[in-house]
Amino acid sequence: MPIGNLDVPVIGKNVVIAVLVQTHILFAAFIIGAVLVAATSEYLGMVTKQPRYERLARNLARFVVLLFASGAALAITFVLALVTLFPVFFSILQNIFFWVFLVEAFMFLGQIIIVYAWYNVWDKLAYRKVLHVTFGMIAGFFGLMAMTMIDAVASYMLTPAQAPVTDVARTFLNQTMVPLNMHRFVGNFSYVGFLVAGWGAWRYLRSTREEDREYYDWMGHWGLIWGFGFLIVQPVIGYGYLKGIRESSPEAFDTIMLGDKSWVFNLLVLWIAVMSIASTAYFVHKLRFATKPMPGLRKMAIGALGFTALFTVLNIIPADTDLVPQLGLVFFGGEDTKIPLGDMYPWKYIGLIGLMVVGFFIATLYLRATASGFRWGRASRWSQFALIACAATVVLTMITMGYTRETARRVDNDPGYLIYNCVTLEQELTPPETCPAGDSIAGRD
Amino acid sequence: MLELALLQGAGVSIPRFFAAFFLILIIYTGALLFTYWISKDE
Chain A
208 MPIGNLDVPV IGKNVVIAVL VQTHILFAAF IIGAVLVAAT SEYLGMVTKQ PRYERLARNL
268 ARFVVLLFAS GAALAITFVL ALVTLFPVFF SILQNIFFWV FLVEAFMFLG QIIIVYAWYN
328 VWDKLAYRKV LHVTFGMIAG FFGLMAMTMI DAVASYMLTP AQAPVTDVAR TFLNQTMVPL
388 NMHRFVGNFS YVGFLVAGWG AWRYLRSTRE EDREYYDWMG HWGLIWGFGF LIVQPVIGYG
448 YLKGIRESSP EAFDTIMLGD KSWVFNLLVL WIAVMSIAST AYFVHKLRFA TKPMPGLRKM
508 AIGALGFTAL FTVLNIIPAD TDLVPQLGLV FFGGEDTKIP LGDMYPWKYI GLIGLMVVGF
568 FIATLYLRAT ASGFRWGRAS RWSQFALIAC AATVVLTMIT MGYTRETARR VDNDPGYLIY
628 NCVTLEQELT PPETCPAGDS IAGRD
Chain B
3 MLELALLQGA GVSIPRFFAA FFLILIIYTG ALLFTYWISK DE
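These protein sequence lines are chains A and B, in that order. Quick note on the working numbering: the first sequence kicks off at 208 and runs consecutively. Quick note on the working numbering: the second sequence kicks off at 3 and runs consecutively.
If we strip away everything but chain B, and leave its shape as in the complex, we get:
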């Protein structure tokens, strides 16, 4: 089934799906933490 999913030309494959998911979380939490870090001493 995994191979089948990876072979889908037009579809987003499973590794790409999870890559997107974790990239979103990393960028989002990274920016939030950075914003907190630059403002916490005010």
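Just chain A, same shape as in the assembly:
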């Protein structure tokens, strides 16, 4: 018996897809990033002979192995949900991206095999570390390739190329494919870094043995170097990504940057403010424990903290008082009431560029101090709370950004799109003249 056009009671079918995909991504991004962070840490352990790198790498690898099943199960459930709830749309996607999906499936398979082998032969290859690290890197590479394939599909949905779908290169390398891929590549490291830092902080607060306190204190620091270090390059890549959206899908750009959904970026800069200020405050605190006293460096770091706060506040100021129209948060005349310092140009540019420059400055100071070493196991409780705040906030950032990309295609919901200007949310094809890929999207040339 045919199941027909299904809907899901109470929450609706869009929410089912959103929940499955967003949760899957939180795992998948963690796995890709964690494998590469762990392999790099293992390599550093080999080079520096410091056992804590090895301890972190091995524990992270074990966690990845255990977590893999959850991430994979969500992916399969998502595909099942997509086939069931959006069968027409899925068949269109399959028509366009069959080879991409096929390659992705094999990359995924390769990743599973190598990750498990990598963890399993840890002791066996204890004296052939270079080979073992290479295993980890290859596993990470497979993960990145799988991500690249799905990024081609996801980016095409928002910015379909102005070419028939049979033009493989232009379809695959549509305008936002490369920036999206870069954004996620960098984001994986940042995300994993903050989570590792948060976990280290949590364990540090609960540890009583001196050895464990030293290790978890170091783990928080090491995670934050990854988290913050990669976070500060995201604004440039994000700018490139948004530029691509503006050029290819201007209405989608307007929706998320200027229209009813522009609050998503206010939310994003709020998360960035929390992570930047908490990270910088942690750095300032940590500099007190440098083995070689560096008062001058610390004073400069305190100055950087002030500038970080200044620039993040500049980013947070909304353009007008039409804050979240969907929730009725519209004050003093809404979008007609402009707020001083709220414009994108020049204030947000100053805020974002300033944040990056100060970020590079404080990261350089901190790495300079790291080179001479810290006394571990002395960090205060609040510095660990700052790391935990970063970990919680980075998850919210991921969810906010995922929602932003997907909701951008809704525009004014009249109609919303699954593939921008080509396939509506009701899985209906638009007239060929409105779709950038023309008639080819329906399988006709």
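Simulated from the structure, these hints should not be mistaken for laboratory data. Some hints could be false.
Taking lysine to aspartate or glutamate and the DMTMM-like style, the derived pairs with C-alpha atoms no more than 20 Å apart in a straight line are [unchecked claim]:
no., chain 1, residue 1, chain 2, residue 2
1, A, K256, A, D419
2, A, K450, A, D461
3, A, K220, A, D621
4, A, K555, A, D461
5, A, K555, A, D529
6, B, K42, A, D621
7, A, K256, A, D330
8, B, K42, A, D419
9, B, K42, A, E261
For chain A, the structure is supplied; the task is to place chain B on it using the hints.
This is chain B only, laid out in the frame that chain A set:
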């Protein structure tokens, strides 16, 4: 405004938005905690 949002046929209404948000967090943190729980005695 709330009623207006709920009436949007094609849009995701506010309760659904928050349902999705909390479901994501619950599934995610649930799986993380479960993974920690099964591995902590190793």
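Has the given pair, A:K555 with A:D461, been kept, meaning a C-alpha gap of at most 20 Å? holds (16 Å)
With a cut-off of 20 Å on the C-alpha distance, tell me whether A:K220 and A:D621 pass. holds (18 Å)
Holds or violated: are the alpha carbons of A:K256 and A:D330 at most 20 Å from each other? holds (16 Å)
Given hint A:D419 paired with A:K256 - CA-CA distance at most 20 Å: Roughly 18 Å between the alpha carbons, so the hint for A:K256 and A:D419 holds.
Between the alpha carbons of B:K42 and A:D419, is the straight-line distance 20 Å or under? holds (15 Å)
Given the hint that A:K555 pairs with A:D529, test it: the Cα-Cα distance must not exceed 20 Å. holds (18 Å)
Would you check the hint for A:K450 and A:D461, treating anything up to 20 Å between C-alpha atoms as holding? Measuring from Cα to Cα gives roughly 12 Å; hence the hint holds.
Is the Cα-Cα distance between B:K42 and A:E261 20 Å or less? Status holds; Cα separation ~18 Å.
20 Å limit on alpha-carbon distance, applied to hinted pair B:K42 and A:D621: violated (51 Å)
Consistency note: the structure conflicts with earlier hint 6 alone.
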